[in-house]
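Student: Sequence:
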Amino acid sequence: MRKVHLWKGYHGVKIRDLIARVWSRDDELLILCPPQIDPTPFLHFLPPTERLWHGELQPGLVSEPLAPVVYPSVPVLGLFTSGTTSGKPELVLYSKANIRSSLAAILKILNVQGIDSVFCYPQPFHTFGLLLGYILALEEGWPLLTGEGRYSGAHHEQRRRATQPGLMTLGTPTHFEDLKCYVQMNGEELAPSLTCIVGGAKVTVSLWERLREQLKIALPSIGYGATQASPGVAHLPAGHAPVEDGEIGFPLPGLVINLIPGRGYELRGPSVCLAVITASGIEFPQKILISDELSRRADGVLIFNGRSDFVLNRGGEKFSLEAIEAVLLQHGIVALAFSLSDPRLGQDLALLVEEGPSPETILQVLQQKFLTRFSSSLIRFNPRLPVNSNCKLDRQAGQALLGCI
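Sequential numbering of the sequence shown, starting at 1, is according to our numbering.
Worth double-checking, as some hints may not be accurate.
As the list claims (entries may be wrong) - Taking lysine to any residue pairs in the SDA-like style, the calculated list, with each CA pair at most 20 Å apart, reads:
id, residue 1, residue 2
1, LYS287, LEU259
2, LYS287, ALA97
3, LYS216, GLU188
Claimed, not checked - Simulated restraints on C-beta separations:
id, residue 1, residue 2, range
4, GLN330, ASN111, 44 to 54 Å
5, LYS88, GLU56, 18 to 28 Å
6, GLN399, PRO165, 43 to 53 Å
7, GLU50, ASN111, 41 to 51 Å
8, ALA104, PHE284, 14 to 24 Å
9, ILE37, VAL256, 23 to 33 Å
10, ARG268, TYR71, 11 to 21 Å
11, ARG212, VAL70, 48 to 58 Å
12, LYS287, LEU138, 24 to 34 Å
Think of the hints as simulated: they come from the structure by calculation, not from any bench.
No residue lacks a Cβ here, since even glycine has one placed at the ideal position from N, Cα and C.
Build out the structure end to end from the sequences listed, making use of the hints.
Tutor: Take a look at the structure:
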């Protein structure tokens, strides 16, 4: 491998050009970092080669690997998970074969002709945005449209200006809910468009209907995936209306999905990622375990029933609840964190906190670490948090103390 590129930032021309350059080659690797992650602890398992730092990253010191690592094939792209399978962030590396097999399978189930452009809400450091947005557009020769920088109302204005009849819009339920509110508040109308992929969080039947009726998307579709799956796991064909909330569609061709109630599901197939790197090691998985509870309907459609681990999926952005608790504890704040259903975001953060700090102090601590402003209305205080017989914080009792939240 000739070069490893490391980048941190948001949508923009520079990252679009860098992705296109690396994808056109077979001897360079691009790793895209989310705002809250320091990539340096993961890099000593990469091939020893020239490292180039881009965007908001400053060059970091990386120790050499203890022993040479032999890769079964060449990695071309890397993304970080938020710890949905292990509770801690992981660096996931893809080969071109991983990505191409998944994208081909998604297009097969999507089953729509006439796409002429893509508008991508998810940022390029998310698997949804990078692979289904930037890379799929490159592979198919479609123009790619995005907002600039962090997610804001300006992204909706960019989407409103997109009038291509064959437009495909990519976004989480939150993006589409916000787009609906934006056009209503500004007295605007969207031009009719062909299709969309909504995913990254649970999708309701009512949202699918609003996509078609209010946002004028002729053939909406629902997708579901995971960072380690490069990115797809299941998809509902374009224009195929869900009959219940949480439908994620049919398994992608070539994948074997083994449901394991209480633990999630095991996934095998050609789109299983090339490598997974933690701060302590690297593995080249033949199968992956995802901690999402799925069920299979009689017609073969998979249903998403929530997560079996402690992860908050807030509008497609995932946070480890244990990491949130640990950050607060570092500031002397004892708290239990919970995922709470939310009609706009899918889930939002609820906190049960031992009395002492103000809600604003708590929110500032979390915003500094996770770059997200959580809601003060979902914070409850108690003189002492409940503990179980092992003298550990009792989540079940804590949930009851949240009361009417």
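Student: It remains to establish, for every hint, whether it holds in the given structure.
Tutor: Evaluation of the provided hints:
Simply put, LYS287 and LEU259 have alpha-carbon atoms about 13 Å apart, close enough for the 20 Å limit, and the pair holds. A distance of roughly 16 Å separates the Cα atoms of LYS287 and ALA97; the hinted pair therefore holds under the 20 Å criterion. With a C-alpha separation of about 12 Å, the suggested pairing of LYS216 with GLU188 holds against the 20 Å cut-off. Under the hint 44 to 54 Å, the C-beta atoms of GLN330 and ASN111, about 49 Å apart, fit the expected range.
About 23 Å separates the C-beta atoms of LYS88 and GLU56, a value consistent with the hinted range of 18 to 28 Å. Evaluation of the 43 to 53 Å hint for GLN399 and PRO165 yields a pass: the beta carbon distance comes to about 49 Å. A hinted range of 41 to 51 Å for the beta carbons of GLU50 and ASN111 is consistent with their spacing of about 43 Å. The hinted window of 14 to 24 Å between ALA104 and PHE284 holds, with their beta carbons roughly 22 Å apart.
Between ILE37 and VAL256 the beta carbon distance is about 31 Å. The supplied range of 23 to 33 Å therefore holds. Taking the beta carbon of each, ARG268 and TYR71 are about 20 Å apart, inside 11 to 21 Å as hinted. ARG212 and VAL70 have their C-beta atoms about 50 Å apart, which keeps the hinted 48 to 58 Å range intact. Checking the proposed 24 to 34 Å range against LYS287 and LEU138 shows it holds: the Cβ atoms sit about 29 Å from each other.
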